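Undergrad: Chains A and B, in that order, are what the protein sequence lines are.
Here the first sequence is numbered in the numbering used here, starting from 1247 and rising by one per residue.
Here the second sequence is numbered in the numbering used here, starting from 13 and rising by one per residue.
There may be inaccurate statements among the hints.
Said to hold, decoys possible - Subject to a maximum C-alpha distance of 20 Å in a straight line, what follows is the list of computed EDC-like cross-link-like pairs (lysine to aspartate or glutamate):
1. Lys-1473/A x Glu-158/B
2. Lys-126/B x Glu-1569/A
3. Lys-1334/A x Asp-1352/A
4. Lys-57/B x Asp-128/B
5. Lys-57/B x Asp-46/B
6. Lys-1366/A x Glu-1262/A
7. Lys-1366/A x Glu-1472/A
8. Lys-111/B x Glu-77/B
9. Lys-1387/A x Glu-140/B
Hints were generated in silico from the structure; no laboratory data involved.
Computed from a predicted model, the values in this text were never measured in an experiment.
This is what each chain is made of:
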Amino acid sequence: MLPFDLVEKLAPSQHELEQYRQKLRAGQRKNRLIIVSLSLIFIALIAFAYRIQSPELAICSIIGLCSPFIYASFCNNSPETLYQNAYKQMINPVLLQHFSSELHYDPDHGLPSSDLAESKLFTGSIDRYSSTDLVSGTYGKTKFRFSQVSAEELHKQTSSRGGSRTYYTIIFQGLLFIADFNKNFSGHTYVRTDFAEKHLGNLGRFLQEHNLSSDEVVQLENPEFEKAFAVYTNNQVEARYILTPAMMDNLLDLRQRCITETQYSFHDSSITVAIANSTLLFTPNFKCPATNNEQLEAIYNQLDFFLSIINDLDLNTRIWSKE
Amino acid sequence: MPSFLVISAATAFVAVILIIFLFNSLIAKRNAVDFAFSCIDTQLKKRCDLIPNLIATVKGYANHEAGVLREVTELRNQLINQQSATNDRFALETQLTEKLPALMAVAEAYPNLKADQQFLHLQRTLTEIEEQISAARRAFNAATYEYNNAVQSFPSNLIAGTFQFRARDFFHINDTERQNPAVSV
Chain A
1247 MLPFDLVEKL APSQHELEQY RQKLRAGQRK NRLIIVSLSL IFIALIAFAY
1297 RIQSPELAIC SIIGLCSPFI YASFCNNSPE TLYQNAYKQM INPVLLQHFS
1347 SELHYDPDHG LPSSDLAESK LFTGSIDRYS STDLVSGTYG KTKFRFSQVS
1397 AEELHKQTSS RGGSRTYYTI IFQGLLFIAD FNKNFSGHTY VRTDFAEKHL
1447 GNLGRFLQEH NLSSDEVVQL ENPEFEKAFA VYTNNQVEAR YILTPAMMDN
1497 LLDLRQRCIT ETQYSFHDSS ITVAIANSTL LFTPNFKCPA TNNEQLEAIY
1547 NQLDFFLSII NDLDLNTRIW SKE
Chain B
13 MPSFLVISAA TAFVAVILII FLFNSLIAKR NAVDFAFSCI DTQLKKRCDL
63 IPNLIATVKG YANHEAGVLR EVTELRNQLI NQQSATNDRF ALETQLTEKL
113 PALMAVAEAY PNLKADQQFL HLQRTLTEIE EQISAARRAF NAATYEYNNA
163 VQSFPSNLIA GTFQFRARDF FHINDTERQN PAVSV
């Protein structure tokens, strides 16, 4: 539920943004009208060139017809992007400050690809990577950072005729959340979605145990957790030090709340949570008025959800030697 | 006749490979149990080493609690002489696990002790060690479960019986340990 004082505080910014959005939409409509008019003129010119058998005029007309579309494809600052950037810069930091004054927001930057690679949660090389909407700071006693991430792997396919084509497949798309863990540890433990055991049963478990990686499979006592996840580690005792019965329940609950695929990695005394999500987060819809409070509440709820991970996983409890 | 020899040789070869595989698998599982036990042992020793400092700190503020202090010190002294995984040792460790919360609870009656930085540090360290002991015990029980399964199930039980592999006991916890430790930081 969006707090009333926050709604009041943001109302002037929302009105300012709405004026900006309407200005951009008017400009966009004007540009579309110009493009359509120009396209009709060039199409008429192509038809005319065909009639008078003038290849030079036809080529020039085709170039003229294509040029607005080529320009639009290379132009990063579309009206939609301009509006979304302005909204993110004016609204999102205020929403964040409502949770804590120690939080920072940077819409243009994200987490480096090394954070994703070091988690060991995904196989495949990261050949195309982008990350935006970095939120960082300290919440309670826990330092954290999270951002939207998209990582893809490049594949080359050679046909029988000798030709080849390249294409990308998604390794991970969603939110990557990294927080300081409340216990010290030196090894690496990672909790992946259990596809093998789920689909192949005991054969899947056998394949997991005899995988080629140097990390061992951890068999834990919680049957529900075992059914949902496959745990790998390079230190069996440390894996159980991290994955206490309470922590296993917390990880299961978080997975249930996220609905989508959720995986966890523990290394360098920190926890990485990868939450798969194909929709844009913390981003307004260009077609929706900036004064729409439902949209504002949706972004507020997204921030609230990801910040609550710290409490859900009980990361602010500091009763161990790490303060 | 030659085909019979070939089949016999192939069968013998497969049998030898299977025996080697099962034997090595049993050895690996037994080593995993021993390694897991050594991890518990390390943490139990750490806890033992922490006690003199804890006693000294509590004594500074709460000298009237002589009963609890004496009991914990005596248990600690007995444990120093215990090295191997004997039942006596486990019984003493269990007694110590029961007494330590009582020692930490002393702080509730002495606000100065409760606020002492040294005591707070020791309290955190003890909580950490207890958590490590719990993790090591779970790892030991998981390794023992794997090993016992191998020792008792067919066909590896044939190899286990021949080479004197015996099933091991799990490291059980008593009811007092199942309760959450009363530690507040």
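Undergrad: Taking the hints in turn, state whether each one holds.
TA: Structure-based check of all given hints:
1. Lys-1473/A x Glu-158/B: 18 Å, holds
2. Lys-126/B x Glu-1569/A: 17 Å, holds
3. Lys-1334/A x Asp-1352/A: Holds. Lys-1334/A to Asp-1352/A sits at ~9 Å (cutoff 20 Å).
4. Lys-57/B x Asp-128/B: 25 Å, violated
5. Lys-57/B x Asp-46/B: 16 Å, holds
6. Lys-1366/A x Glu-1262/A: Violated, at about 44 Å.
7. Lys-1366/A x Glu-1472/A: 19 Å, holds
8. Lys-111/B x Glu-77/B: 13 Å, holds
9. Lys-1387/A x Glu-140/B: 18 Å, holds
The structure is inconsistent with the numbered hints 4 and 6, although it conforms to all the rest.
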